[in-house]
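Visitor: Chain residues, written in single-letter form:
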Amino acid sequence: MKDPETMRESRLLSIGLGPMDAPDQGWVRARARELFEESQDTIYCRADRLFGVLLVVQYIVGIALAVWLTPRTWIGTSSQPHIHLIAAVGLNALVVVPPVLLAWLQPGRPVTRHAIAIAQMIQSALLIHLTGGRIETHFHVFASLAVLAFYRDWRPLITATVVVAVDHFLRGIWYPQSVYGIITASPYRWIEHACWVLLEVAFLVYSSKQSIGEMRKIADRQAQLEGEVEQRKQSNEQIESQRERLRLAMRAGRLGLWDWDVAEDELYFSEQYYEMLGYEPGEFAPSFEAWRDLLHPEDCDRVVASAEAHLRGETSIHSAETRMRRKDGVWQWIHTLGEVVHRADDGSPGRMIGVHVDIDHVKRAEQSLAEARDAAEAASRAKSEFLATMSHEIRTPINGVTGMLELLESTGPNPQQHRYIDAARTSADTLLTLINDILDFSKIEAGRLEIEHSQFDLEQTIEDTMAMLSERANRKGLELTYSIRPDVHKVMLGDQHRLRQVLLNLINNAIKFTEKGEVVVSVEAAADSPTHQTLQINVRDTGVGIASDRVHRLFKSFSQADSSMTRKFGGSGLGLAISKRLCELMGGSIEVDSVEGIGSIFRATIGVEKVQGDVEAGAQADTSLFAGHAVLIVDDNATTRQVMEQLVTQWGLKALTAAGADEACELLGRESDGGERVTLGLVDMVMPGDDGLALCRRIRERPEHRDMKLILCNSRNVPPAEDALHEAGCDLLLNKPIGPSRLFDSIMKLVGPAVAERVRAQPGERARAASREAPRHPAGGHWRILLAEDNPINQMVARELLEAEGFDVTTAATGAEAVDAVRREPFDLVLMDCQMPEMDGFEATARIEALHASGEITARPRIVALTANAMHGDRERCLEAGMDEYLSKPLNRQQMLATITRLLGRDKDAVEAGADGGRVAGDAPAPLEPGGASICVEDLLRQCMNNGALARRVLSTFNQTSPDDLAALRDAVERGDKMKIEMTAHKLKGGAAQVAAERVSRLAGEIEELSRQDELGFVQGKLDELHTEVEQMLGALPGVIEGITVNGAGAMRSDASERIG
Amino acid sequence: MPPEVEIRPRIVEALVTGFLPRRGLLLVPLLAVWLGVVALGAHWLYAYGSEPGPGADPPATLPAGHNLPLEPGRGAVVMFMHPQCPCTRASLREIERVLARVQDAGVQVVLVLLADADVPSLARGGGLWPMAERLGGATVVSDEQAGATRTFGVSISGHVLYYDGAGQLRFSGGVTASRGHEGRSYGQTALEHAVTGVGGEMAEAPVYGCPIITPAGVAHEAAEAAGGS
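Read top to bottom, the protein sequences are chains A and B. Each residue of the first sequence is one higher than the one before, counting from 1152 in my numbering. Each residue of the second sequence is one higher than the one before, counting from 290 in my numbering.
None of these hints come from the bench; they were simulated from the model. Any given hint could be a false lead.
[As the list claims (entries may be wrong)] Beta-carbon label-pair distances, calculated as ranges:
1) B:HIS332 to A:VAL1313: 46 to 54 angstroms
2) B:ARG473 to A:GLU1185: 31 to 39 angstroms
3) A:TRP1347 to B:VAL326: 26 to 34 angstroms
4) A:VAL1218 to B:PRO358: 31 to 39 angstroms
5) A:PHE1290 to B:PRO358: 17 to 25 angstroms
6) B:GLY415 to A:TRP1347: 52 to 60 angstroms
[As the list claims (entries may be wrong)] Over 10 angstroms on every C-beta distance to chain A, these chain B residues come out as not near it, computed from the model:
7) GLU385
8) HIS470
9) SER474
10) PRO500
Every residue gets a Cβ at the ideal spot worked out from N, C-alpha and C, and that includes glycine.
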């Protein structure tokens, strides 16, 4: 049997009572019928039991009457039980027992009712008979029918009526005295009796029908009520279910509910609320005071203030994190959230509801996370310190190597030895660079690598790089060539070191994976705009190539295309990954096309900014200089021939190319027949058949070419002996690869001073050489410029530059002095150093703005920021501070003048014309690297407008001030004075940059940056490094100063053709 | 609800479900058997109640040797009774009603009740004795050993004889229509007519009651009386 609950659920399902549905009328009808039948069955059973008892009672009464009235019948003096007694006991039992059994065993069944009706009517018949048809006993029939009406069923009444009618009919015929009490009766008298009975039955049936109708109504109402009750119950169950779901969700979400009737100050806390704090529900009074008492004293005011602010309507939600005291006394982190859900018309809060979120685990996780982060940062710092230490330890011996190379160089080596020394120094520098690269990789991984934005010469950069790698290529017998398309801007702003790093990596890889053939580097402009250019550097090789399915692994860290390559060729697998990230940081990318067994071509793109005022790329040279001259290019490598042909053709030379000695001689023979005059020969040393020396000898044997200049292009690591060169008639030996600059210089060296003069007299150069006219103010007189700069070196350089350009310059050492100067006298422009003692440039700018706004000064001068940070975002910061432009230190003359001109509306050409007119002092000097701490005299002179006297004064000032600055910096580091460290390092960085001491400037800049990033732990190592650099530089400085001539030429080196940076 | 049920007339459904058992149709024949047996029993009872006693042959004239206290020259209603016969109670009530109706006739009434000293139940004063003695104007006579009964040739309790003033038997029979049943009956009417002298012939009526003596005994005694008388 199903349990009542299951039955109830199945009944709900059977009636289709969905959630919150109205009772289904079909179900109600069925239920009403069910109830009606139940009720009817109850009545039937009850009446059955009644009649069962009644029949038994009648039976007993019958026997009693028989015993009383007719116990015995007599025959004379003898007697025997009366037949009536026998009938009362026997016959009556026969009448009574079956219906009584049915009433007992089968109550409620129709057959029981009908049997009872029959038995009851037979009882009536017997009674009537025994009374001799006594009329009064007929009432037993009516009484019995009335009692049968208890059934509220008309059918037993009909049965009883039929029994009565039949009995009367039959007895009326055969025993009329038995039923009517008379011997003779009308044959229709039974009808009269039956009609009377029917009359009563009719009323009883009517009454039963009415009663049944009422029963049906009651059942209908009850069913309807039950339906509504079921619906209500189901609704309650749904509500309870939702409540349970909410309770469980809040438990799972560690939420405690609170509901505050603000007006009545009644508070409700949910069970979960109490449990969250370890209390039993209701264990503490739900009141505002009780809640406040549980708050941590340090959090209490803040949290209460948050709640009060929200109650006042000042915040959209009340949200606060706080600690609450658990029952066990432990403080637990809770995030309390709440919102006023009802406000009165006057805005006063009525009701506020919210939750408490258990965030204890979150807080603990945060704490663990912070500890883990601290540990990771400590590990990272340790790693960085290790790298810094290692780099310092490696750098020290390398510095020793480079120092010894300098000493070796001072012993007067021949040009060949010079090249070896330079190559060794370059290698040392490369090693240093690689060390830096490892640090860079760490920075890349940490996302902290910054791209510099400084001016550099692309051609020089590439040429230097090629020179570094040429020896290796030569050793493998590879032809290493490069070319730069004319449309590529020559001087640009970008990160020269990163570009060189990319070049080194790509070319080095190409050489590494190429066994024979060539490695060709070409540079072209992939995209061009007035201010920017996208350079595409192609490195093509004829190496092993890479299978297409392995190309994607190339740029992954520590991964090469094939592990077998690692075994065969070595390498860490970092290079291409670093190069790719560097290119991306420089606004470009790297792609590769490769065919296995044929070769590869890597295409690296980077974005650079054009230097305004530089000679426009692609400007046509004056080809008339070499009019009538032809160059014979002899090389078995077609690419080399093509590159050289392009170069010399650009300069106006006619190029004749030959793949070998025989072909060259044939060409020379044609020239004799009336072609162009071949004045120069570029002869490859290594060629099939006759080599370069043999060809030179063959040329010299031709009388008409004895004056022809011959340059032997050597790609062997061991050059020919000088005697052999002399014997073959070679005028100059150049090691491959030969860049445009070196080739041009070499050609010029051989072709003669006259041609060189003509080259220098090309339009651009002639323009620079034109005499300058001092810039004039529109109102007459000179432009007035206020130079606010605390660094005496920078101040000196800038002043010289500006006065040389004809500006009227006033100086100020602090921001306050600058403001006073502006208040005193009008200036057209202010060059404002951003970092100055007492008052920095930003504040000074703001005060000048204020002076102008208040009318204290009538005209606001244009303000140009000077900063040595040269970091991304500096420009925006300066402009936001109200400055008009931005210049990074060390000051670039052209850039500075272009900026000033643009702001003051001066004619650009006039500035260009006056830039360095009359001060160009021949070939640019080579860099000076005293004791390993390099001062680039070339850059120094350029920054000093090739004014040697100015350069010497600048160096002398730096010589005097830098020891004090260094001591102040060390003192600040020892005291941990961040501000002082940054100020002093900044000053030292600017001064070093002005004297072109790049390493000192960079180290000082790094210290400044480390201090700014609160990484003082790394500063000490850098400071030691800086100290070494500065001491070495200062030690060599007197010699450098003496080496600079008054007209600006560097005395230490004059061989411009072999500059390797 | 299945469609075939829905289209069934309600009266049919009512009859089927109301008169016939919903299950256990075996009860129907049992019910019929029961009714038949009950009908037979009832018939037996009815038949018993309607069966009169055996006929009697009383003397046509008042026997000479009777010892009943009868006044000569007056009509006499003599009723023989068994004091323990339940049926005679109705006869006694009916004779009372008859006598009430014919009281003007001046008849004398003698109630003869069987008595037997050997049988306690038949002792004088028991049974119907009190009721008989309450009948106004009647003389209650104890009939020891049923001598008078035999003398008059009757055997059934409730048998009434009427001898007119001349001693001629004018009525012989019972005054109830059936056994123990009160009410008008042919015997009553015939007796009244005899008493009032409406009819000239002697009337007879069936007698319903207990035998006072066996019929055989009655015949023997009657013969002796006749021979004697």
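Visitor: Each hint needs a verdict: does it hold in this structure or not?
Guide: Quick rundown of the hints versus the structure:
1. In this structure, HIS332 (chain B) and VAL1313 (chain A) break the distance hint of 46 to 54 angstroms, their C-beta atoms being roughly 18 angstroms apart.
2. The hinted window of 31 to 39 angstroms between ARG473 (chain B) and GLU1185 (chain A) is violated, with their beta carbons roughly 58 angstroms apart.
3. In this structure, TRP1347 (chain A) and VAL326 (chain B) meet the distance hint of 26 to 34 angstroms, their C-beta atoms being roughly 29 angstroms apart.
4. Restraint check, VAL1218 (chain A) to PRO358 (chain B): a C-beta distance of roughly 36 angstroms satisfies the suggested window 31 to 39 angstroms.
5. Between PHE1290 (chain A) and PRO358 (chain B) the beta carbons are some 44 angstroms apart, a value that contradicts the proposed interval 17 to 25 angstroms.
6. The supplied range of 52 to 60 angstroms is broken by GLY415 (chain B) and TRP1347 (chain A), whose beta-carbon atoms lie about 42 angstroms from each other.
7. Distance check for GLU385 (chain B) against chain A: the nearest CB is about 16 angstroms away, which clears 10 angstroms, and the non-interface claim stands.
8. Non-interface status of HIS470 (chain B) relative to chain A is broken: a Cβ of that chain comes within 10 angstroms, the nearest being about 3 angstroms off.
9. Not every beta carbon of chain A lies more than 10 angstroms from that of SER474 (chain B), the smallest distance being close to 6 angstroms; the non-interface claim is violated.
10. The Cβ of PRO500 (chain B) sits about 5 angstroms from the closest Cβ of chain A, inside the 10 angstroms cut-off, so the non-interface label is violated.
When held up to the earlier numbered hints, the structure conflicts with 1, 2, 5, 6, 8, 9 and 10 and fits the remainder.
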